[in-house]
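S.K.: Protein chains in written order, with UniProt numbering: chain A, 1 to 440; chain B, 1 to 440.
I should point out that these hints are in silico values taken from the structure, not numbers from a laboratory.
Keep in mind that the hints are not guaranteed to be accurate.
Straight-line Cα separation of at most 20 Å, PhoX-like style, residue types lysine-lysine; simulated pairs [stated by the list, open to error]:
{"id": "1", "chain 1": "A", "residue 1": "K365", "chain 2": "A", "residue 2": "K391"}
{"id": "2", "chain 1": "B", "residue 1": "K391", "chain 2": "B", "residue 2": "K365"}
{"id": "3", "chain 1": "B", "residue 1": "K391", "chain 2": "B", "residue 2": "K412"}
{"id": "4", "chain 1": "A", "residue 1": "K433", "chain 2": "A", "residue 2": "K420"}
{"id": "5", "chain 1": "A", "residue 1": "K275", "chain 2": "B", "residue 2": "K275"}
{"id": "6", "chain 1": "A", "residue 1": "K172", "chain 2": "B", "residue 2": "K275"}
{"id": "7", "chain 1": "B", "residue 1": "K172", "chain 2": "B", "residue 2": "K5"}
{"id": "8", "chain 1": "B", "residue 1": "K433", "chain 2": "A", "residue 2": "K275"}
{"id": "9", "chain 1": "A", "residue 1": "K412", "chain 2": "A", "residue 2": "K222"}
Spelled out, the chains give:
Number of protein chains: 2
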Amino acid sequence: MKPIKAGLLGVGTVGAGTFNVLRRNQEEIRRRAGRGIEIVMVSARNVAATTEKTGGQCQVVNDPFEVVDNPEIDIIIELIGGTGIARELVMRAIANGKHVVTANKALLALHGNEIFAAAQEKGVMVAFEAAVAGGIPIIKALREGLTANRIESVAGIINGTTNFILSEMRDKGLDFDTVLKQAQALGYAESDPTFDIEGVDAAHKVTIMSAIAFGIPVQFDKAHVEGISALQAVDIRYAEQLGYRIKLLGITKRAMVDGVEGIELRVHPTLIPAKRLIANVEGAMNAVLVQADAVGASLYYGRGAGAEPTASSVIADLVDITRLATADPGNRVPHLAFQPNQMTDVAILPMSEITTSYYLRVYVKDQLGVMADLTRILADGRISIDAVLQKEPGEGETRTDIIILTHQTQEKNIDTAIAKVEALDTVVGKVTKIRLENLS
Amino acid sequence: MKPIKAGLLGVGTVGAGTFNVLRRNQEEIRRRAGRGIEIVMVSARNVAATTEKTGGQCQVVNDPFEVVDNPEIDIIIELIGGTGIARELVMRAIANGKHVVTANKALLALHGNEIFAAAQEKGVMVAFEAAVAGGIPIIKALREGLTANRIESVAGIINGTTNFILSEMRDKGLDFDTVLKQAQALGYAESDPTFDIEGVDAAHKVTIMSAIAFGIPVQFDKAHVEGISALQAVDIRYAEQLGYRIKLLGITKRAMVDGVEGIELRVHPTLIPAKRLIANVEGAMNAVLVQADAVGASLYYGRGAGAEPTASSVIADLVDITRLATADPGNRVPHLAFQPNQMTDVAILPMSEITTSYYLRVYVKDQLGVMADLTRILADGRISIDAVLQKEPGEGETRTDIIILTHQTQEKNIDTAIAKVEALDTVVGKVTKIRLENLS
């Protein structure tokens with residue numbers, strides 16, 4: 001059988017990784033796929049350097065539209081990133097009747113609905129395993145491995161940069177700024193780390209997973225996005241003392257509010273019990289925990305970034321497309337797991353209506369009755385307390401931290417209670433609130 | 001689109017689970033698959049009881065061959081188990097041009113080559129996600145998710161019964177026989193637990209994974225099979241003190257022996273560093289760790305048995321078949337990941353030629369020079385030592401345990417050294433040897 005022909009847009013880290021893995025393992029891949037997969041054309045900013053890098057094995061051009069318009073090419077691999085030209089290129093590839101493989105989470109989280117609709121109409125596939133959790137085949141697991149299930153929740157460590165920073169903060173007791181600088185020096189964080197540390201990258205990924213898990217459109221604009229830059233070393237330490245670790249989780253789950261079904265979609269630092277497997281995912285590793293009605297809990301762990309792990313997913317998609325290209329388009333795996341005419345419009349809940357547990361740190365004057373005031377406010381809000389940690393004031397100090405772990409309640413209840421707590425004379429400054437998930 | 005019609009052979013735990021999940025989530029599944037999946041005929045020993053159980057929704061017959069020969073049925077779900085009548089039924093279903101879904105690891109580990117060849121010839125699919133690690137989509141991950149990779153090794157906790165027993169032995173400091181009885185009372189172990197505790201079930205599963213990982217035929221007869229019934233509580237305790245846990249692992253990996261490629265295929269109790277994620281997989285849970293060249297390490301965790309987790313995999317296979325049924329048979333996912341004409345005949349290595357590290361417990365008379373004798377024998381065999389734990393003799397005792405952890409060596413070297421150690425006057429009885437894998 002003739003090899004399938006791919007065109008590669010962008011030869012950065014992942015593009016070069018894809019090229020290299022495809023070349024190194026070509027024999028292994030052909031033995032599996034039943035036919036060869038060849039990158040016949042590449043677009044890159046620096047044509048000369050890329051020609052040398054690719055060993056003259058394929059045509060290198062400057063203009064990516066030349067690749068997308070090449071009638072000999074069956075599959076376009078988009079690794080340019082961003083939502084500008086990448087969007088134009090992907091839409092044009094689809095219009096040209098080509099299948100697309102992309103690692104571009106921002107593009108799919110923001111414009112996925114438009115892109116998948118166009119692909120559906122043209123009868124082509126847009127594959128994006130590499131867009132979520134790098135080399136972990138989590139899209140395949142959610143979309144094909146768990147088809148029997150009603151999925152209840154997905155919670156993932158899906159940003160390696162922030163997990164590296166949190167692991168280092170905990171291990172070495174350092175503060176955020178110090179660790180961020182080290183991460184940048186080691187190449188674990190970008191020089192402009194905003195997308196990672198502010199949770200945007202994780203929110204792109206969990207937005208895509210929410211669509212696949214629940215059969216809803218991608219709705220990045222509805223996601224709650226909160227990063228780790230405000231997280232303090234002291235809270236990591238207190239969490240540890242209480243048996244918890246703090247991880248940046250992307251969470252999406254079903255919820256019922258006043259008898260109406262809704263979906264939670266949020267990224268934020270989260271306390272999780274230290275004994276959970278996912279709490280022990282350290283450094284730049286990723287892991288996704290899925291709760292579903294038939295299978296129960298299952299977890300998928302591996303490298304969430306890097307040239308070759310991401311290339312692993314890009315190439316798996318190439319092989320899938322090579323296989324499914326001959327299947328009746330109506331019977332292929334749907335882009336978002338559910339048939340396009342079977343999506344639902346269950347609403348994403350505003351944060352005030354989500355339900356979770358909370359870690360609260362209250363900085364108080366060490367006076368009689370403080371604890372009584374706090375617990376009365378929580379009781380009035382019908383928020384029950386799971387644990388309390390009251391620290392003795394330091395030598396010569398008259399103020400101290402009280403840490404309270406609550407049971408589950410709605411976010412609006414806790415916010416009301418916090419406002420009352422902050423109004424107390426004995427409370428100094430703002431209350432620190434971090435959400436807590438038991439993941440059991 | 002008309003529903004696809006399945007016939008179910010066997011309504012035991014998994015059969016009933018499949019029936020129930022398919023009924024409960026029929027809407028969710030149809031929204032994904034694009035067409036309904038209906039079990040229209042069931043065979044069971046007790047027709048009356050099964051008719052009641054299935055609510056009269058499908059025809060119940062006594063003779064499974066009636067189901068297999070029913071021309072209206074597209075897919076046969078074989079959940080009878082064993083290698084007798086199940087084999088006949090599966091072969092007849094294939095001959096009748098039907099696709100097959102099975103959870104029968106024994107059947108595939110022993111007769112997979114014959115079954116897959118027949119299916120290939122007939123152009124039908126035999127799907128078996130449920131045969132390995134219950135609800136974890138590990139077959140899909142190995143066969144589709146990691147197609148870009150040269151897989152280096154697969155190591156799994158793939159038997160829940162033994163993992164439950166080992167977790168309890170460690171947690172409670174109890175011996176094997178006591179915990180086995182508890183496991184039987186709790187339903188975690190069968191009344192005849194041989195297949196589980198002697199490692200046969202795990203060997204069936206790792207045999208199937210070895211074929212998929214490396215593109216070799218299934219070769220259960222070449223697997224080394226060693227269970228946990230001889231494992232002593234004292235070794236679990238010493239391992240713990242040295243920072244290790246003991247798990248029953250199914251391991252298959254590439255190896256080079258004197259410049260010739262070979263494959264290791266073995267099941268045995270294994271020390272693994274306590275800090276590894278897989279070392280923290282407790283109770284009846286399963287996990288599979290895969291090392292591959294592009295993606296690095298990835299791990300898949302979930303329930304390895306039980307009605308609904310296994311049903312989750314059975315139904316995922318039903319959906320896959322429903323989708324791929326319209327694809328050109330030459331382009332479907334190959335049964336064993338590699339195209340049938342692309343399998344290799346790399347040999348499974350005899351145990352004497354495998355390479356790993358070792359835990360040795362030597363019971364010695366507490367005399368001067370014992371340690372010198374031991375270390376000299378190991379040095380002569382060019383076996384280097386990683387750690388030693390020498391226990392003081394108990395009050396009034398003159399004998400004690402010496403525990404040695406070695407670096408990697410070939411099994412024949414360690415066996416030669418052990419024979420020499422056992423010949424020493426100062427050594428009492430047999431040396432306890434447990435293999436150790438760093439899994440890094």
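S.K.: For which of the previously enumerated hints does the structure constitute a violation, in increasing order of number?
M.R.: 3, 7, 8
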